[in-house]
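Spelled out from the first residue to the last, the chains are:
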Amino acid sequence: MLELAIGIILAGCGIGAGLALIAGIGPGIGEGNAVAKACEAIGRQPESRGAVTSTMIMGCAIAETTGLYGLVIGILLIFVAPGIFVGTLKTALETWGAALIH
Amino acid sequence: MKVQPAVRQETARIAAGTAVLTVIMVAVFLILGRFDWTVITGALLGYLAAVGNFFLMALTVQKAADEMKPTGAPDPIETDGDEAEEKDVPLSEDAKRGKQRIQLSYTLRMFGLAAIAILGVTLPCFNSVAVLLPMLFPRIVIALRGALQSSKH
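So the sequence lines, in the order shown, correspond to chains A and B. Taking the working numbering, the leading residue of the first sequence gets 18, the next gets one more, and so forth. Taking the working numbering, the leading residue of the second sequence gets 12, the next gets one more, and so forth.
Looking at chain B on its own, in the form it has when it is part of the complex:
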């Protein structure tokens, strides 16, 4: 399967942003005097888990979008004066398949992340905070990007 430019671009942005935040996290460990080599291994594991999870999610979304055939259906939003009302249109088979695909992918990815987090917390060669924190960084990167874009406009 060929990776779409949109997926590659978004993953690269998230990977770069998460890397910056991970480095800041390691620097905070250093400042607090709690730095040792388990912080580095933990941060690496957490970073790989976060970016890998995002990439797999983007791939699933791309696959769902690729499998959608053009329906040629009209836009269901009809404007009646100032009010916009959406008609309750039943989903097509392709859309239903896409929905099931992303829900299955979400479940499997959560199991994978849980396994990685449990490994990171239980094994002594990883710092548990350094494993768990980078998993939340993609959300912060997206929020920061949104804030930067809105401040530009």
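Just chain A, same shape as in the assembly:
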């Protein structure tokens, strides 16, 4: 029974990490589109290169954070969360399991 519960926890963590990492797809596409349009703007008005580059860097940094959030959550779910969840489950079983049996 405990093995099944641990298996469900690990599967949940794996699926959750996979779902969190989907968030990394959007920023890549969005950043590409933003840079392409900014390049077009620089092509039309080369004198605005400095201002456009500054704005583009800030925009890309903001867009990228979404992917980073997903990455951090995914890594926490894979490497940190299973240990915490399984530990909590074992403690709960030790505490309440004995009470339920008696």
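Source of the hints: derived by calculation from the structure; they are not laboratory data. Predicted model, so just to flag it, every value in this text is computed and none were measured. Even for Gly, the Cβ is constructed at its ideal location relative to N, Cα and C. Heads up, some of the hints might be wrong.
[What the hints assert, rightly or not] Simulated crosslink set (EDC-like; lysine to aspartate or glutamate; CA at most 16 angstroms straight-line):
id	chain 1	residue 1	chain 2	residue 2
1	A	K54	B	D105
2	A	K54	B	D77
3	B	K80	A	E111
4	B	K80	A	E20
5	B	K13	B	D77
6	B	K74	A	E57
7	B	K80	B	D47
8	B	K107	A	E57
9	B	K107	B	E78
[Unchecked claim] Which stretches of chain A does chain B cover? Using the computed rule of at least three CB atoms under 8 angstroms from a CB of chain B, they are:
id	segment
10	60-69
11	81-93
12	105-112
Since chain A is already given, all that's left is putting chain B on it; use the hints.
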């Protein structure tokens, strides 16, 4: 490749802001009584990863902008009374190359950050929270800067 002043300036601002937030994070560890030397090594690794990632992204953007040749094309936004409508103009070859460059750079940088984060979480000489948190600080610095600028105006 020569680093443009805009890139240098923005990276310096982000590095300074992230450093301040990292110091605050270490102080919070100290206040909570969870401070040890792994917090320092973790904070250092996370700070370097965050600033390095930002600098590499800025360099890629600069390279994409540098490779763009002047097209001399007219502005595609035409104002018709109060309404502004944007025409769907196909991208030039230089713009397409810039788009592919930033998308490739994003993928590679994410792999690098993932590798650093995994190292930080698995190795016992780094505190995992102290590694992961500074990676999110550049966004906070940008938001704070925006808020400060808007409050000035």
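Going down the list of hints, with the structure as the test:
1. A/K54 / B/D105: holds, 11 angstroms
2. A/K54 / B/D77: holds, 14 angstroms
3. B/K80 / A/E111: The given pair, whose Cα atoms are some 69 angstroms apart, is violated under the 16 angstroms limit.
4. B/K80 / A/E20: violated, 62 angstroms
5. B/K13 / B/D77: Satisfied, since the Cα-Cα distance of roughly 11 angstroms is no more than 16 angstroms.
6. B/K74 / A/E57: OK: B/K74 and A/E57 at ~14 angstroms, within 16 angstroms.
7. B/K80 / B/D47: violated, 53 angstroms
8. B/K107 / A/E57: Holds, because 10 angstroms separates the two Cα atoms, which is no more than 16 angstroms.
9. B/K107 / B/E78: Given that 16 angstroms is the threshold and the Cα spacing comes to 11 angstroms, the pair holds.
10. 60-69: holds (count 6)
11. 81-93: holds (count 9)
12. 105-112: violated (count 0)
In the structure shown, a violation is registered for the earlier hints numbered 3, 4, 7 and 12, in ascending order.
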